[in-house]
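*Asks:* Make the full structure from the sequences, and use the hints.
Protein chains in written order, with my numbering: chain A, 1 to 426; chain B, 1001 to 1250.
Calculated from the structure, these hints are not laboratory results. We put the CB at the ideal spot given by N, CA and C, even for glycine. Mixed in with the good hints, there may be bad ones.
[To be verified] Calculated cross-link-like contacts (lysine to aspartate or glutamate; reagent style EDC-like; alpha-carbon spacing at most 16 Å): (1) Lys187(A) x Glu138(A); (2) Lys127(A) x Asp1052(B); (3) Lys186(A) x Glu218(A); (4) Lys1013(B) x Glu138(A).
[Said to hold, decoys possible] If you only want the chain A side, here are some residues facing chain B, beta carbon under 8 Å, derived: (5) Phe14; (6) Gly79; (7) Leu96; (8) Asp105.
This is what each chain is made of:
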Amino acid sequence: MPVAVAVENVSKRFRLHRNSPMTIRESVYQWLAGQHEKASSFWALQDVSFSVEHGQVFGIIGHNGAGKSTLLRLLCGLGRPTTGRIVHSGQVSGILDLTSGFHGDLTGRQNITTVGILNGLTKRELKEREQSVISFAEMEEFIDQPVRTYSSGMYLRLAFAAAIEFDPAVLVLDEVLAVGDERFQKKSLDRIATFRKAGKTLIVTSHSAEQIQALCDEVLVLEEGRSVMQGDPQNAISYYHDLMRQRTDKRIAQLRERTEVTPVTMPQGSRQGTQEATISAVRLCDNSMSPTNIIQSGDGLTIEFDVQMTSPLKDMACTVGIFNMTQAKCVEFGIPSFQTSFGSLSECQTIRCTITSLQLHAGSYHINLGLYPTDWSYRYDFHWQMHPLQVEGSHDIHGVYTTGILAVESRWNSVQNALEHPSNGV
Amino acid sequence: MPHTLELIWHLIKRDFHLRHAGSALGILWSILVPLAQLGVLTFTFGSLIRVDIPNYPAFVYSALLPWTWFSSSLSGASHLFFTHRDLLRRPAFPPGTLIIVNTLVHLLIFFLSLPLLFILMAWQERVAIWNPFTFLLLLLIQGMLTVGLSFMISTLNAFYRDIAQLVSIVLSFMFFLTPIFYRPVIESEYRTLLSLNPMVPLINAYRALLFEGTNPEWGPLMVTGGISTLVCGLGYLIYKHWLPDVVDAI
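*Replies:* What follows is the structure, encoded as structure tokens:
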């Protein structure tokens, strides 16, 4: 298959002082101080190479600051790689950042006209496509209002619709799929599937490993500006998760040098984390709040855990998940910010998560819990397979033999039809 | 190429729209502002401090219009990349287009004001018979000068915001050092200094063509033409060289 985009040994260095606009006075001072050559710089990307074929969906994952956005900007031809080169065949279009793709004082219609013309469409093609952009974005009512009055959801829908409907050969989407309500996300994913069937190339980044896995043919993992792995989504994502483990280990080592952190040994499962905050106890309770680790299918379950901070932290994030014996994630809850959800943090606090009805089949499960910094870059503490949960119940739910992960009720009816439908004269 | 022209035309319309969105008089302001300036100059130098020039309003206006094209293009150029950040974020958009568009927008405003000049001339019972080819040549020379300087200003202002301030100071100096509201200085000890201003031969030529109805002095005009070509080329090289860093800085 022909190559749509080829990235060859690309590196990108940013001069840090360029990030804030400098006045001539400042640069004269800097020059007088003899720091001109030493102006601090950092490598956002180092020696990254890959190629994307036509019709491929190529994913890029990596943590905040790993260089994803820099890479995408270069792919779009914004800025020049410090070394190496990028070759592409055909029109590239994309949504790089949500705040500056449109001009706020112009209406949605005027803005999409600009995008269309930039994508090389003629007046007539533009007229034809405009309507499909507006209806895909569900913006009929507001299209003639200035963009600055739009909500972020409206802005995103229009940006996405304009990017994909104007038919570029290569579409670049940065983190965009994670926004928008679930229904629109679904609609976007369907649209991407058609786009792909038409032999077009898509390059995406996403924080959501699941989305990357579902969407991509090939995934590149970036870590500190370097390409550390490229392969099929399954492998790339598990590598990405391993990186998190490595980063946590690295930080533990750093912290050990300063303070003595005693590793905690557990009777079962495993535990990893820097111990800057710990989950000191976990209790599972049933409906009547009495501690137990056996519940009936469909009953309520409360997961209560104590969080202790051993070093002062402003905020943290946590996850609580229920996994079955095959390590399939039945459900996972994530709290991205304690401050937002629970107010201020105290040195010791108890968090309670209540599930009103746990509709899982009978079997053995584990509760996995994790505490993270709010950028999810490593783990403060993670309990893996340490807290077993037994669910009891029967496969017979009101006379219906039910299997799988979910133990939900189903209602069945049969409507008696005559063998031959009377024709309605059609 | 037809596509580039379409893009430029679209961006010109977009610029006019942004310029006048929400104002009641809209595009009229583009004509009213230099007209008001003409009023101030005519009152000051025609009535307060009497300058003995016949048909003074038309005399000033014939030079003020091309000057306004020059000065408003350059002062607009400084912030061009910042005000159109949305376009600079688009793949496949050459930012230099904005400079061409900016120069053309102000040229159109110049054209929109031209009928007023002719009305003013007719009112004072003068009919300028002018040569359209010479006029085009003047526009071309000034256009290249403006585009070249704009390339430099827009590019450098992305790194040093001081440029915008400098440009406005230099422009206000130049306004007084260019014979817009007075006759060209012929005998002066500062003659060499004044001749450094490339706008002088241009403004003189416009006045000869539009007001006097004569041919311009070709000598100085050709020198300005040469300077304009050099400035245009140099400006483009500066722009081309720094463009990738501009994108990072914006």
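*Asks:* For the restraint on phenylalanine 14(A), tell me whether the closest CB of chain B is nearer than 8 Å.
*Replies:* Result: holds, 7 Å to nearest chain B Cβ.
*Asks:* Please check whether aspartate 105(A) passes as an interface residue: C-beta within 8 Å of a C-beta belonging to chain B.
*Replies:* With Cβ-Cβ at 6 Å, under 8 Å, it holds.
*Asks:* Holds or violated: are the alpha carbons of lysine 1013(B) and glutamate 138(A) at most 16 Å from each other?
*Replies:* Violated, at about 27 Å.
*Asks:* Going straight from one Cα to the other, do lysine 127(A) and aspartate 1052(B) come out at no more than 16 Å?
*Replies:* Status violated; Cα separation ~59 Å.
*Asks:* Has the given pair, lysine 186(A) with glutamate 218(A), been kept, meaning a C-alpha gap of at most 16 Å?
*Replies:* Since the Cα atoms of lysine 186(A) and glutamate 218(A) sit roughly 21 Å apart, the hinted pair is violated (cutoff 16 Å).
*Asks:* Double-check glycine 79(A) for me: the hint is only fine if its C-beta lies closer than 8 Å to a C-beta in chain B.
*Replies:* 4 Å, holds
*Asks:* Report holds or violated for the interface hint on leucine 96(A), using the least CB-CB distance to chain B and a cut-off of 8 Å.
*Replies:* Hint holds; leucine 96(A) Cβ to chain B Cβ min 6 Å, cut 8 Å.
*Asks:* Does lysine 187(A) pair with glutamate 138(A) here, judged by a C-alpha cut-off of 16 Å?
*Replies:* Satisfied, since the Cα-Cα distance of roughly 11 Å is no more than 16 Å.
Checked against the numbered hints above, the structure breaks hints 2, 3 and 4 and satisfies the rest.
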